[in-house]
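Q: Position chain B against the provided structure of chain A, taking the given hints into account.
Those protein sequence lines, which keep their order, are chains A and B.
Residues in the first sequence are numbered from 1 upward in steps of one, following this note's numbering.
Residues in the second sequence are numbered from 1 upward in steps of one, following this note's numbering.
Derived by calculation from the structure, the hints in this document are not laboratory data.
Every residue gets a Cβ at the ideal spot worked out from N, C-alpha and C, and that includes glycine.
Do not take every clue at face value.
Simulated restraints, written as ranges between beta carbons of each label pair [claimed, not checked]:
| no. | chain 1 | residue 1 | chain 2 | residue 2 | range |
| --- | --- | --- | --- | --- | --- |
| 1 | B | Glu231 | A | Pro309 | 29 to 37 angstroms |
| 2 | B | Gln143 | A | Glu217 | 41 to 49 angstroms |
| 3 | A | Val120 | B | Thr91 | 49 to 57 angstroms |
| 4 | A | Asp92 | B | Glu217 | 53 to 61 angstroms |
| 5 | A | Glu217 | B | Thr129 | 32 to 40 angstroms |
| 6 | A | Asp92 | B | Ala275 | 27 to 35 angstroms |
| 7 | A | Gln143 | B | Lys189 | 54 to 62 angstroms |
| 8 | A | Gly334 | B | Pro345 | 51 to 59 angstroms |
| 9 | B | Glu260 | A | Glu32 | 52 to 60 angstroms |
Chain by chain, the residues:
Protein chains: 2
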Amino acid sequence: MSEQRHVNFNPGPSTLPLPALERAQKEFLNYEGSGMSILEHSHRGPVYTAVHEQTIALLTELLSIPPTHQILFMQGGASSQFALLPMNLRTDSHAGDYIVTGTWAKKALAEAKVVGTPHVAWDGAADGTWTRVPKQDELDLSQNAPYVHITSNNTIMGTQFFDFPDTANVPLVADMSSDILWRPLDISKFGIIYAGAQKNMGPSGITVVIIRKDLLEQTRTDLPKIFRYREIAAANSLQNTIPTFPVYLVRNVLMWLKDEGGPAEIERRNRKKAALIYTAVDESGGFYRCPVEARSRSVMNPVFRLATPEMEKDFIAKAADAGMVGLKGHRSVGGIRASIYNAMPVAGVEQLATFMADYQKRA
Amino acid sequence: MSEQRHVNFNPGPSTLPLPALERAQKEFLNYEGSGMSILEHSHRGPVYTAVHEQTIALLTELLSIPPTHQILFMQGGASSQFALLPMNLRTDSHAGDYIVTGTWAKKALAEAKVVGTPHVAWDGAADGTWTRVPKQDELDLSQNAPYVHITSNNTIMGTQFFDFPDTANVPLVADMSSDILWRPLDISKFGIIYAGAQKNMGPSGITVVIIRKDLLEQTRTDLPKIFRYREIAAANSLQNTIPTFPVYLVRNVLMWLKDEGGPAEIERRNRKKAALIYTAVDESGGFYRCPVEARSRSVMNPVFRLATPEMEKDFIAKAADAGMVGLKGHRSVGGIRASIYNAMPVAGVEQLATFMADYQKRA
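So that you can see chain A by itself, here it is in the shape it has in the complex (with noise of 0.2 angstroms):
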């Protein structure tokens, strides 16, 4: 059966790492011998207990989270975190700093305008384009914000942060739902942290929160117990029933990571992808255009066009005849888009980076 896998470069969900599945499927029906699949465990009982302690230990050895920060599993997707960021955290007065990079982060600015007022420190669509992540010196920063939000990654523009905006005392909140793991990290900058596992750390159904423990204590109780980031944290994120699936299935991944080095050496891997595509494209001669300015190139969403749309279009089928998938740039901007997030191999890229060579000679 894997043998007939295609090269999958969809944006999310997305591809897996194979032994992370195939760990799953050996084990589908009868979890370690427990006399019944883990979807069939309770969320409070020993057995699943012992996974999601594992899924923290893991997240946090990989990232290295210091004892000042707690990991909380959610539901909802990056989506309902825009919902329940300011939900929790704005004054009665501020409803946070947001960095508009792109698609999401306007998402994210718009469920804030919902709940309170916000305040706009960046945004690159005032060029008419988010071609780029803005430089420290642009940003209109408050001295009253709740916090500073970022997207750390924007899927969908192809650009990415690699030097952290400095907010000073304001805590940094960062939705990295697509480069979560991509390279160490240093959890001490930020307030919070919170990313859709569909991207770079397993399925859809689950979503991660890494937030500064003493900011728990400045969450507001005004919004339904549900929605607490305090309640979830007291809870060790089971004050419900918790999509224990997608849990286990992060999990797997992460022992994946860490049999493959870790995010040191998945860094080294991501830069090699990468420089791959880009390369391609830049001695391309023009053949492949980069919209991105250079240095807010993303590592994880490499996007670039070719002359026209119907040439796009050719290339993208015929990279799909060649088992390439998951190629087509989202519906708001078109072209050509490579998710090339932790999970998909140096030799999937390298693919991809032969391919558009070929494709340009035969054109």
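A: Same frame as chain A, now just chain B:
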């Protein structure tokens, strides 16, 4: 592997139909020859879309859902619906009538209190216990309530509604997390039905909401967009990335349910299973005792007691030795609870009934 599976009486997540699991296991690495796992497909691509629509079609068929109602898939479990229901449907003066028949109903009421002003139409704890559901003439219903909320089956207390309250023109809302699909249902009686999947429909991580379409027009717009029923309905539940694998597994469970004969046949089996246990209790000469009033005894979660907590502990341990697990009552009430949702075979309950008789003989 499957031979070694236990008879699993877990209250949720709970046992799943073996054919539904086996299907998932077989195609886990490569779904229907598509070159990837269903987990790795885009939630907007044709392969997942077909699964999504098939799940909706099966639910529509099995529950005879009329065109007046729409199915939504949401995240966060029933506990999130406790909050989202009043957030969407309260009026400025009223956050719903609540019929409090147990722990979960009480939690639903508590969340309504956070966002508005609910009214308690009946509370079984006024008796000091929750050992029954109310009769129609006991209800103190408001004239101007936006809805009346019930918990159709109370997993912890082992009680269940068999006739639903008459709420006249006020929409009836039911948390059916633990008994949806246990029998054919007249959906037209309900304004909203919601149910976490992990008891009677599939794994944890997906919540089904069945809403009368005219109520969508009455929902509020002063809450975050991601939480608005009307937006989720307009997007066919694809406002953001849906937990694709949980939906897929619900589909597999519904395919199994249809193959087995649908709700009419499953009702026959469910009544047979419940009768096996209640008969064993009632004919034990007081060795086993069911605290629940006869007309309110749950078909899904029969609960019973032995003379002492020590005997109950021994019963649970010896049952586990015999391969029957998950029989411990909820930590808040103790005792024995046999959760016998749709996926529990009659043979599993026969084994338990035999064990109960043998245990009594040996005692």
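Q: Are the hints correct? Go through all of them and say.
A: Here's how the hints hold up against the structure:
1. At about 30 angstroms, the CB distance of Glu231 (chain B) to Pro309 (chain A) agrees with the hint of 29 to 37 angstroms.
2. Take Gln143 (chain B) and Glu217 (chain A): their Cβ atoms lie about 43 angstroms apart, and the range 41 to 49 angstroms holds.
3. Val120 (chain A) and Thr91 (chain B) have their C-beta atoms about 34 angstroms apart, which leaves the hinted 49 to 57 angstroms range violated.
4. In this structure, Asp92 (chain A) and Glu217 (chain B) break the distance hint of 53 to 61 angstroms, their C-beta atoms being roughly 32 angstroms apart.
5. At about 38 angstroms, the beta-carbon gap between Glu217 (chain A) and Thr129 (chain B) stays in the expected band of 32 to 40 angstroms.
6. Remark: the range hint 27 to 35 angstroms for Asp92 (chain A) to Ala275 (chain B) is contradicted by a beta-carbon distance near 58 angstroms.
7. Between Gln143 (chain A) and Lys189 (chain B) the C-beta distance comes to about 56 angstroms, which sits within the given range of 54 to 62 angstroms.
8. For the hinted restraint 51 to 59 angstroms between Gly334 (chain A) and Pro345 (chain B), the CB-CB distance of approximately 52 angstroms keeps it satisfied.
9. Taking 52 to 60 angstroms as the suggested C-beta distance range, the pair Glu260 (chain B) and Glu32 (chain A) does not conform, at roughly 29 angstroms.
In summary, the numbered hints that this structure violates are 3, 4, 6, 9.
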